[in-house]
Amino acid sequence: MTLRLGLLAAAGAVLVFLPFWVPSTWQNLLITTFYYAYLGQAWNILGGYAGQLSLGHAAFFAIGAYTSAVLASQYAISPWLGMFAGAALAALLSLGIGYLGFRFGLRGFYFILLTLAAAEICRLIALHLPLLGGYTGLFINFTPNPWQFQFQGKIPYYFIALGFLAAGSGIVWLIQRSKLGAYLVAIREDEDASEALGVDTFRYKMIAYALSAALTALGGTFYAYYQYYLQPNTVLHINHSVDIMIRPIVGGAGTILGPVLGSFLLELLGEFSRTYFAGGMAGLSVVIYGVLLIIVVLFLPRGVYPTLAHLMRRRRPGGAT
Amino acid sequence: MSLYVQAIVNGFLVGGVYSLMALGLSLIFGVMRVINFAHGDMMVWGMYLSYWLFVTAGVDPYLSILVTGSAVFLLGAAVQKGLVNRILDAPHEMQILLMLGVALVLENVALMVWGPDPRRVSTTYALSTFWLGPIVFDLPKVATFGLALALALGLYLFLKKTDLGRMIRAASDNQIGALLVGTDILKVFTLAFGIGAACVGAAGSLMTPFLPFSPSTGLFFTVTSFNIVIIGGMGSFLGAFVGGLLVGMSESLGAVILVPSLKEIVSFVLLVLILLFRPQGLLGSGR
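Protein chains in written order, with numbering that gives the first Met the number 0: chain A, 0 to 320; chain B, 0 to 286.
Don't take each hint at face value.
[Claimed, not checked] Derived coverage of chain B by chain A (criterion: at least 3 residues anywhere in the stretch with Cβ under 8 Å from a Cβ of chain A; other residues may be distant):
#, stretch
1, 79 to 89
2, 94 to 100
3, 110 to 119
4, 225 to 239
5, 262 to 273
[Said to hold, decoys possible] One side only, chain B facing chain A, incomplete, derived with CB under 7 Å:
#, residue
6, L103
7, V104
8, N107
9, P278
[As the list claims (entries may be wrong)] Reference excerpt, derived from the structure (chain A facing chain B, CB under 7 Å, subset only):
#, residue
10, L4
11, L52
12, L105
13, M280
14, G289
15, L292
16, P300
Note that these hints are calculated values from the structure, not bench results. Every residue gets a Cβ at the ideal spot worked out from N, C-alpha and C, and that includes glycine.
Let the sequences and hints guide you as you build the complete structure.
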């Protein structure tokens with residue numbers, strides 16, 4: 000335990016000083032890594048712990064991004080407050096989808112498609128809403144005012160992203176230790192059996208979904224004020240839902256370190272393919288990325304963290320395998 | 000009024016080829032429980048192959064389905080044998096990731112080879128039409144409908160009447176039972192993925208006479224296939240067929256009633272309604 004705390008403190012110290020040492024392109028990479036690890040952590044609550052795979056988290060993300068942006072531009076409400084309005088709206092939508100889906104016992108493939116369809120409906124609606132800028136997208140004016148969630152340079156964003164990730168991981172850690180976490184894992188492992196044992200599966204799946212959606216929406220606000228531009232065909236696209244879910248799965252769904260490791264690994268692979276292959280033909284770097292993804296799945300079919308943990312246990316004398 | 004009837008007729012005709020595409024997805028899911036996220040991209044490869052044969056050798060796309068069907072069969076069988084068969088006992092979400100990786104590779108290799116600009120197979124009969132009363136029929140759409148129907152019927156007979164077809168259905172109904180009676184399940188998987196892929200590859204070729212396409216076309220058809228299979232009923236042959244026709248008609252009507260860019264929303268709303276009130280699908284039986 001002390002060793003663990005020591006490691007955590009050392010890692011924390013490195014992370015605090017890291018952005019001042021590395022060049023700005025690296026800062027950007029680290030911000031993206033933290034930020035997708037955070038989104039992965041939010042997805043993890045529903046997809047990893049409760050085992051309800053969602054391919055529609057882009058919808059919650061976009062609700063968070065658009066709500067805070069519109070509240071700031073139309074009603075002069077600071078995004079620091081607006082982000083919670085976005086989170087509440089996203090939680091409401093998730094409860095709506097969850098109510099419909101879980102009430103009727105949709106599972107597995109059917110639930111995945113319900114979430115996908117919901118996100119696609121949101122995308123099509125957003126494209127036709129003048130308030131959100133339609134196809135042109137929504138631009139956010141840059142006024143370097145921290146109260147408006149806007150900062151000069153990358154370092155403040157680095158620390159906010161890191162803070163998001165730390166807070167998100169903390170929440171997941173708390174869930175994992177709580178009864179809720181145990182219920183969610185029970186639902187994932189065998190829904191019928193846990194129902195038979197008296198677990199209110201509907202209720203806990205709803206809680207997991209709402210939490211997951213709200214946290215994802217908070218991440219959407221960060222994106223809005225990091226990119227200063229929102230377009231439905233990027234933020235609400237299926238590919239974005241895929242981006243959100245892919246990291247926790249690669250890292251190991253249903254573990255705290257999974258989304259973090261997955262995010263680091265995929266960011267590295269993505270950067271590798273962009274750096275060495277983006278200059279060539281259009282599409283080549285994505286092909287390389289896709290091939291690397293396939294290789295990762297074939298060689299680490301349980302995910303990065305579970306595989307590592309398994310190896311560690313085997314090495315320790317007397318440890319169970 | 001005739002505008003709507005016209006839209007329904009056009010949607011119905013396009014729906015036939017949607018059905019063929021969805022039958023492929025339904026077969027793959029039914030047997031392996033794998034969601035083929037690369038379904039639309041496999042279709043796009045069928046389309047480009049037809050295009051290439053048309054441009055270089057003047058082969059009519061209705062003829063080249065023999066080549067594209069076989070080629071995409073091999074592609075699908077290779078994906079199953081080389082990739083999916085290796086991770087059969089991994090968590091379910093890993094299979095999804097694997098197929099997403101395959102989809103990325105297929106789409107972007109197409110982008111490298113043919114570039115992002117839309118292509119079109121301009122046959123001499125591309126714009127031929129005939130009238131039946133007040134309704135106009137596009138000749139290519141009618142021909143595509145007929146051939147898609149014939150191929151679907153062929154698949155049906157294959158599954159019902161041949162030994163291989165029975166093996167595939169056995170593996171789909173009860174995998175352990177099929178294993179117990181000595182079915183070589185990995186071979187059946189490879190075959191089933193190949194046939195499912197061949198369906199969508201042929202469907203792609205059949206669409207080229209009236210549909211311009213680009214590498215990014217695939218995703219739309221992947222999602223449309225998902226919709227159809229759920230609407231019709233997972234694992235139901237007739238369901239996938241009826242679902243295809245329904246989605247074709249609803250998209251076509253949606254484009255007329257709403258704006259064309261919103262046409263997809265009709266089939267998504269249809270999907271949500273089906274999921275809510277009849278989650279087993281229109282013609283599915285239980286889950």
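Which hints, by number, does the structure contradict?
10
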